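Visitor: Protein chains in written order, with our numbering: chain A, 1 to 227; chain B, 1 to 227.
Keep in mind the hints are simulated off the structure, nothing from the lab. Hints are supplied without guarantee of correctness; some may be wrong.
Derived list of chain B stretches under chain A, where covered just means 3 residues or more per stretch with a C-beta under 8 Å from a C-beta of chain A [as the list claims (entries may be wrong)]:
{"no.": "1", "segment": "106–115"}
{"no.": "2", "segment": "118–131"}
{"no.": "3", "segment": "161–175"}
Pairwise CB distance ranges, derived in the manner of DEER restraints [unchecked claim]:
{"no.": "4", "chain 1": "A", "residue 1": "Ile-42", "chain 2": "B", "residue 2": "Gly-214", "range": "51 to 57 Å"}
{"no.": "5", "chain 1": "B", "residue 1": "Pro-99", "chain 2": "A", "residue 2": "Asn-34", "range": "34 to 40 Å"}
{"no.": "6", "chain 1": "B", "residue 1": "Arg-164", "chain 2": "A", "residue 2": "Asp-56", "range": "54 to 60 Å"}
{"no.": "7", "chain 1": "B", "residue 1": "Ala-216", "chain 2": "A", "residue 2": "Gly-148", "range": "43 to 49 Å"}
{"no.": "8", "chain 1": "A", "residue 1": "Glu-23", "chain 2": "B", "residue 2": "Pro-99", "range": "35 to 41 Å"}
{"no.": "9", "chain 1": "A", "residue 1": "Thr-11", "chain 2": "B", "residue 2": "Asp-207", "range": "54 to 60 Å"}
{"no.": "10", "chain 1": "A", "residue 1": "Thr-225", "chain 2": "B", "residue 2": "Asp-172", "range": "54 to 60 Å"}
{"no.": "11", "chain 1": "A", "residue 1": "Pro-44", "chain 2": "B", "residue 2": "Arg-66", "range": "32 to 38 Å"}
{"no.": "12", "chain 1": "A", "residue 1": "Gln-161", "chain 2": "B", "residue 2": "Glu-144", "range": "46 to 52 Å"}
{"no.": "13", "chain 1": "A", "residue 1": "Pro-44", "chain 2": "B", "residue 2": "Glu-23", "range": "53 to 59 Å"}
{"no.": "14", "chain 1": "B", "residue 1": "Ile-42", "chain 2": "A", "residue 2": "Arg-177", "range": "42 to 48 Å"}
Bear in mind the structure is a predicted one, so any value in this text is a computation, not a measurement. We put the CB at the ideal spot given by N, CA and C, even for glycine.
Number of protein chains: 2
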Amino acid sequence: MMTGRATGDYTAPVEDYLKVIYEIERRGGAAGTNDIAQQLSIAPASVSGMVRRLADQGLLEHERYRGVRLTDAGRRVALLTIRRHRVIEAYLTHALGYPWDRVHDEAERLEHAASDELIDRMAAAIGEPATDPHGAPIPTRWGEIDEGPHLGTIAELAPGQRCRVVRVSDDDARRLRYLGEVGLIPGAEVVLVSRAPFGGPLALLVDGVEHAIGPALASHVMIETSG
Amino acid sequence: MMTGRATGDYTAPVEDYLKVIYEIERRGGAAGTNDIAQQLSIAPASVSGMVRRLADQGLLEHERYRGVRLTDAGRRVALLTIRRHRVIEAYLTHALGYPWDRVHDEAERLEHAASDELIDRMAAAIGEPATDPHGAPIPTRWGEIDEGPHLGTIAELAPGQRCRVVRVSDDDARRLRYLGEVGLIPGAEVVLVSRAPFGGPLALLVDGVEHAIGPALASHVMIETSG
DNA sequence: ACGCATATTTAGCACGTCCTAAAAATCGAA
DNA sequence: TTCGATTTTTAGGACGTGCTAAATATGCGT
């Protein structure tokens with residue numbers, strides 16, 4: 001059984017396409033050309049050509065004008081790429097003191113160059129963590145992942161409710177830096193004190209400290225209600 | 001003064017060309033098209049085109065049919081690439097337990113993806129070593145390097161002479177593995193016991209243990225005669 | 001000084017990835 | 001159901017990097 005990866009089996013753009021298609025599928029079902037283009041910051045027309053090549057390689061199935069769906073092979077490549085990304089993020093924070101708002105960009109480049117051996121050594125060196133610094137689950141070296149139950153966000157919390165932060169969006173460094181300053185990191189205990197009307201700020205107790213944040217920000221903080 | 005590097009300023013092939021041209025220059029003077037092609041394992045015809053582009057970018061000077069010479073800008077890019085390579089090699093051995101015969105290939109890919117910040121953090125984490133695991137000097141973050149005096153090799157040693165291994169060639173994993181088995185690693189104390197005629201084996205004492213190696217291998221072990 | 005071996009360059013092509021502009025398919029609303 | 005807005009695809013092109021085959025320059029030995 002082949003589980004390994006000869007580094008360079010796939011180009012960096014190919015891995016990036018599969019990654020974003022995986023994420024789009026995970027949320028919404030089939031991935032449209034436009035969604036993919038937007039996530040990758042390229043023109044939609046560029047996606048059509050690449051999608052054909054990926055379909056030819058058996059990494060996804062494409063119904064013209066209707067969207068794209070990963071094959072098992074494509075999903076596996078996506079998950080192994082995501083594993084590399086998240087192990088690198090975790091390693092950079094735990095072993096090299098990186099601030100959590102700078103690990104994403106570094107991992108975005110290293111994920112295409114790191115061998116499976118390096119990733120496994122990194123994971124072992126920091127104790128095989130289950131999630132990356134933003135709380136996203138790390139797939140196994142065999143391309144399996146436990147996405148866990150669907151998570152709510154602080155934006156959906158009712159006043160008085162208590163919860164624990166499980167995960168935050170990692171795609172914006174400035175947002176991450178601010179979340180860190182406010183203490184909204186995975187593991188934090190949060191109580192929603194009150195919610196101002198008309199999309200106003202949410203008053204929170206974050207590990208006992210009061211903070212007020214906007215609802216847009218709150219929707220990026222995923223939680224588990226603890227009672 | 002600009003000392004940093006915006007990752008991706010140069011493509012991986014460009015960095016590779018500049019690296020090998022630097023190494024060829026260091027040994028022999030001007031780098032010929034054929035030498036470059038051989039080091040990169042590509043066709044000589046492919047080199048001509050790239051050399052023109054690199055000259056256009058001011059990274060080297062090219063006299064038609066006569067060879068190539070790095071500009072200061074080109075040498076700087078080469079040395080910063082070499083720095084990334086060697087710091088990564090040192091980090092992989094010291095922090096992640098990589099065997100020294102496997103660090104080269106990994107570094108060859110990561111050197112094009114790692115940011116200066118990552119490299120500096122790696123170097124700091126292992127105590128800012130002066131050389132990589134093979135004894136090659138690590139350039140500073142400003143692109144300066146101390147190549148040190150010209151080194152002899154075990155192949156040139158006279159019987160009875162004693163020396164210390166300073167550096168070994170790192171471009172062949174099998175050779176490195178064997179050198180490691182024999183103990184011919186930087187820092188080892190070596191005495192040449194005898195040399196068989198007609199290109200025969202050299203009898204050595206490596207840190208007190210007897211070994212016999214061929215002259216081809218011996219020429220890849222660089223030394224400092226200690227008296 | 002000439003001719004030949006060798007080194008180098010040019011010409012022409014391929015592939016992957018991106019682009020813009022234009023054409024075509026789909027979907028929703030009147 | 002038909003039209004207009006939106007989405008997607010096609011057409012045609014650019015760029016970087018590689019290839020082979022053919023042309024050309026260099027330099028050495030006689």
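Visitor: Now look at each hint and say whether the structure bears it out.
Guide: Evaluated hints:
1. 106–115: holds (count 7)
2. 118–131: holds (count 4)
3. 161–175: violated (count 0)
4. Ile-42/A - Gly-214/B: 51 to 57 Å: holds (54 Å)
5. Pro-99/B - Asn-34/A: 34 to 40 Å: At roughly 48 Å between Cβ atoms, Asn-34/A and Pro-99/B fall outside 34 to 40 Å, so the hint is violated.
6. Arg-164/B - Asp-56/A: 54 to 60 Å: holds (57 Å)
7. Ala-216/B - Gly-148/A: 43 to 49 Å: With a Cβ separation near 58 Å, Ala-216/B and Gly-148/A fall outside 43 to 49 Å, so the hint is violated.
8. Glu-23/A - Pro-99/B: 35 to 41 Å: Holds - the Cβ-Cβ distance for Glu-23/A and Pro-99/B, about 36 Å, lies within 35 to 41 Å.
9. Thr-11/A - Asp-207/B: 54 to 60 Å: violated (46 Å)
10. Thr-225/A - Asp-172/B: 54 to 60 Å: holds (59 Å)
11. Pro-44/A - Arg-66/B: 32 to 38 Å: Hint violated: Cβ distance 49 Å, outside 32 to 38 Å.
12. Gln-161/A - Glu-144/B: 46 to 52 Å: Since the Cβ atoms of Gln-161/A and Glu-144/B sit about 59 Å apart, the hinted range of 46 to 52 Å is violated.
13. Pro-44/A - Glu-23/B: 53 to 59 Å: violated (44 Å)
14. Ile-42/B - Arg-177/A: 42 to 48 Å: holds (44 Å)
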